[in-house]
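Visitor: Protein chains in written order, with full-length UniProt numbering: chain B, 1 to 252; chain E, 1 to 439.
Treat the hints with care, since some could be wrong.
DEER-style ranges, computed between Cβ atoms [claimed, not checked]:
1) B:R140 / E:Q384: 20 to 28 Å
2) E:E88 / B:D135: 29 to 37 Å
3) E:G379 / B:E15: 38 to 46 Å
4) E:A79 / B:D135: 42 to 50 Å
5) E:E426 / B:P91: 18 to 26 Å
6) E:P401 / B:S59: 23 to 31 Å
7) E:E103 / B:D135: 47 to 55 Å
8) B:E15 / E:P401: 27 to 35 Å
9) E:S417 / B:R125: 57 to 65 Å
10) B:D66 / E:P401: 19 to 27 Å
11) B:S136 / E:E88: 50 to 58 Å
12) B:D69 / E:E88: 23 to 31 Å
13) E:H378 / B:G64: 39 to 47 Å
14) E:P401 / B:D69: 57 to 65 Å
Think of the hints as simulated: they come from the structure by calculation, not from any bench.
By construction, the Cβ of each residue, glycine as well, lies at the ideal position given by its N, Cα and C atoms.
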Amino acid sequence: MLSIKELRASIEGKEILKGINLDIKPGEVHAIMGPNGSGKSTLASVLAGREEYEVTGGSVLFDGKDLLDLAAEERAAEGIFLAFQYPVEIPGVTTINFLKTAVNEIRKYRGENPLDAAQFLKMVREKAKLVSMNDSLLKRALNEGFSGGEKKRNEIFQMAVLEPKLAILDETDSGLDIDALRIVAEGVNSLRSPDRSAIVVTHYQRLLDYIVPDYVHVLYKGRIVKSGTKELAFELEEKGYDWIKAEVEAVG
Amino acid sequence: MTTETIDLKTKLVADFYAREAVMNGEASSAFHQKKRAALARFDQLGFPTPKNEEWKYSNVRELISESYHFNAESSLGLADLQDLNIPEQVANILYFINGHYNEELSSIVSSSDQIIIDSLQSAYKKNPSLVNTYFDELVKDDTDAFTSLNTAFAHDGVFIHIPDNQTVEHPVILRFVSDARTQNVGSQPRNIIAVGKNAHVKLAEAFRTLGTERSFTNAVTEIHMDRDSGVEYYKVQNESEKAYHIGTTQVRMLDNSHFYAGTVTLNGHFTRNNLNIIIDGERCEAHMYGLYFPDGTQHVDNHTVADHCKPNSQSNELYKGILRDRAKGVFNGKIFVRPDAQKTNAFQSCKNIVLSTEATMNTKPQLEIYADDVKCSHGTTTGQIDEEALFYMRSRGISKPEAMSLLMFAFCADVVSQIKIDSIREYLENVIADKLASK
Ligand SMILES: Nc1ncnc2c1ncn2[C@@H]1O[C@H](COP(=O)(O)OP(=O)(O)O)[C@@H](O)[C@H]1O
Ligand SMILES: [Mg+2]
Chain B
1 MLSIKELRAS IEGKEILKGI NLDIKPGEVH AIMGPNGSGK STLASVLAGR
51 EEYEVTGGSV LFDGKDLLDL AAEERAAEGI FLAFQYPVEI PGVTTINFLK
101 TAVNEIRKYR GENPLDAAQF LKMVREKAKL VSMNDSLLKR ALNEGFSGGE
151 KKRNEIFQMA VLEPKLAILD ETDSGLDIDA LRIVAEGVNS LRSPDRSAIV
201 VTHYQRLLDY IVPDYVHVLY KGRIVKSGTK ELAFELEEKG YDWIKAEVEA
251 VG
Chain E
1 MTTETIDLKT KLVADFYARE AVMNGEASSA FHQKKRAALA RFDQLGFPTP
51 KNEEWKYSNV RELISESYHF NAESSLGLAD LQDLNIPEQV ANILYFINGH
101 YNEELSSIVS SSDQIIIDSL QSAYKKNPSL VNTYFDELVK DDTDAFTSLN
151 TAFAHDGVFI HIPDNQTVEH PVILRFVSDA RTQNVGSQPR NIIAVGKNAH
201 VKLAEAFRTL GTERSFTNAV TEIHMDRDSG VEYYKVQNES EKAYHIGTTQ
251 VRMLDNSHFY AGTVTLNGHF TRNNLNIIID GERCEAHMYG LYFPDGTQHV
301 DNHTVADHCK PNSQSNELYK GILRDRAKGV FNGKIFVRPD AQKTNAFQSC
351 KNIVLSTEAT MNTKPQLEIY ADDVKCSHGT TTGQIDEEAL FYMRSRGISK
401 PEAMSLLMFA FCADVVSQIK IDSIREYLEN VIADKLASK
């Protein structure tokens, strides 16, 4: 589904991603962990199509298409979804209006007819229930004045509505209490299917109790320096990153 | 060889005296004496140049480089108005074509014990002293050439008088149409709105142009607000690419009165709006909202004044603009707090989005505070579209142009939502959405 080869990216002339290799097959969930500043959000942003980052090398294929050739909105329409580490507040645009525009723009891209108001509302209500998203939040300006938890929940709600093929969750669990965490995880798990995949960026093993990953990778200084199964997450939780850093320095 | 330049000022002054010469006894009336004094002021002031601080960024050279047929006859009828896509609304609707009141097109639905609505000409014929009580009374020693010019040539417009304790249910909508289909036209509407004690009204002025020749509108509206009164006043400008508009709205508020203004400039080649509010009462509230969307080579200039003369009142101002292409915008907001105006609360904000490197916005807040116990704040911002918000929307599948127009529409929302005449607000929402989507 997703094939990243030797991906390099920089911002303001500073190289952040220094040759990333990652293969994700349909149905797989990959966790990416690593110390702050390693480049996890950068990788997520580059995959979603943020233009500030300059891709200086490598390739990314998504369902056989050259992802790097597509604009952010085209990637979304192809089925990529990024749950932001820091969701943006947009005053004056209601969540519901925003999502309706998004859904219909994506349908247009796929050559489908727009949903009418009734169809859209029915679908949205179902998805809101799924992530226990309060109706009143939908009518408010997008993320404006939302609590941290509400913002994260809104990301998962949007993901549920857009039903992406590849969901990238960037520290969606940070700052959530255990109940909110469970709801977020249920939202993600409800989307799991043999043809949908996810990249879950997290610092904490606890999320991975709920969203059980097929693989765990450690990103450090712009490279994936270690890959394993979910046991690696336990090890990291227990021992921290120092031993990995040491391994990396030893190799040079 | 000499090249002929049209000197608009000389022409107008000569015109005034030629008309006066054929007036009968009316020339000695108090009304005409005000006009005469105004003409003398205009003659002395002349059209402003950028050397005049009030006109620093707005040059009228182009405007006065041609001549205009003032108050020209027009064959415009109901069918032609269809082209203007005017929203339906149960309201008192008055049409002025090239400055003339058109009774046939107009309809007045409110009862005359609630509100007296008349054309200025007809009101003056019926009751000259009543009209004269309000005409040209709000500004002493006017130093503005255009308002002086308007006073000198005041010919038609609306005269509205709302008796004490009346709340006018249906709004009053004044539609000023310039018929520039065959020639350059000019008009100088003069509107007088006298609102009695505890009387309330909603009022809108809409300016449109038909045709591709030049139009020059020099409009003045005087709003007299007695104690405890309320006025909602909207000005909507959707004129042509060859329309020049200079307008002044002059308001005086007495104790406990509430005034709301919404000024929306959708189109027009050169627009200058002056909104001057004299807050001459205690516990008054004056709210000013503005929106402008210049593109191409359009020029929009808003000058506002909140003049606090008495204690315990507040003024609140929010102007917003989106500028494209090579458009120019100007905002000058003055707040005066006179020595007596203790406990004044004055707030001013002007926010702009500039979408092109060739578009410019000049903002100048000007606070003059002579009292010590006051709360005043002001702020202006001029920036680009929020890139973070844009990427967030695009990452959800919304195309860049669609995301831009949603963000721009959202930027305008807090001003548009202030417009309480439904048909006008809905009309604006549509026209603004179209305008923002078009590029
Ligand atoms: N917009 C930016 N401008 C400059 N440096 C940036 C920008 N975004 C990220 N970086 C830098 O890139 C590195 C990786 O950041 P990031 O991808 O956010 O790491 P992580 O998500 O793993 O904590 C950091 O050193 C950070 O300072
Ligand atoms: Mg991060």
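Visitor: Evaluate each hint against the coordinates.
Guide: Hint check results:
For B:R140 paired with E:Q384, a C-beta distance near 25 Å keeps the hint of 20 to 28 Å intact. Between E:E88 and B:D135 the Cβ separation comes to about 34 Å, which falls inside the hinted range of 29 to 37 Å. Range check, E:G379 to B:E15: about 40 Å between beta-carbon atoms, so the 38 to 46 Å window is met. Roughly 48 Å separates the CB atoms of E:A79 and B:D135, a value that falls within the hinted 42 to 50 Å.
Separation of E:E426 from B:P91 is about 22 Å and conforms to the stated range, judged on CB atoms against 18 to 26 Å. At about 29 Å, the beta-carbon gap between E:P401 and B:S59 stays in the expected band of 23 to 31 Å. For E:E103 and B:D135, the Cβ-Cβ distance of about 52 Å falls inside the hinted range of 47 to 55 Å, so the restraint holds. Against the hinted window of 27 to 35 Å, the Cβ-Cβ separation of B:E15 and E:P401 comes to about 32 Å, which satisfies the hint.
Between E:S417 and B:R125 the CB atoms are about 26 Å apart, so this pair departs from the stated range of 57 to 65 Å. For the pair B:D66 and E:P401, the supplied restraint of 19 to 27 Å holds, since their beta-carbon distance comes to about 23 Å. The supplied range of 50 to 58 Å is broken by B:S136 and E:E88, whose beta-carbon atoms lie about 34 Å from each other. Checked against the hint of 23 to 31 Å, the C-beta distance between B:D69 and E:E88 comes to roughly 49 Å, which is inconsistent with it.
At about 57 Å, the beta-carbon gap between E:H378 and B:G64 misses the expected band of 39 to 47 Å. In this structure, E:P401 and B:D69 break the distance hint of 57 to 65 Å, their C-beta atoms being roughly 20 Å apart.
Consistency note: the structure conflicts with the earlier hints numbered 9, 11, 12, 13 and 14.
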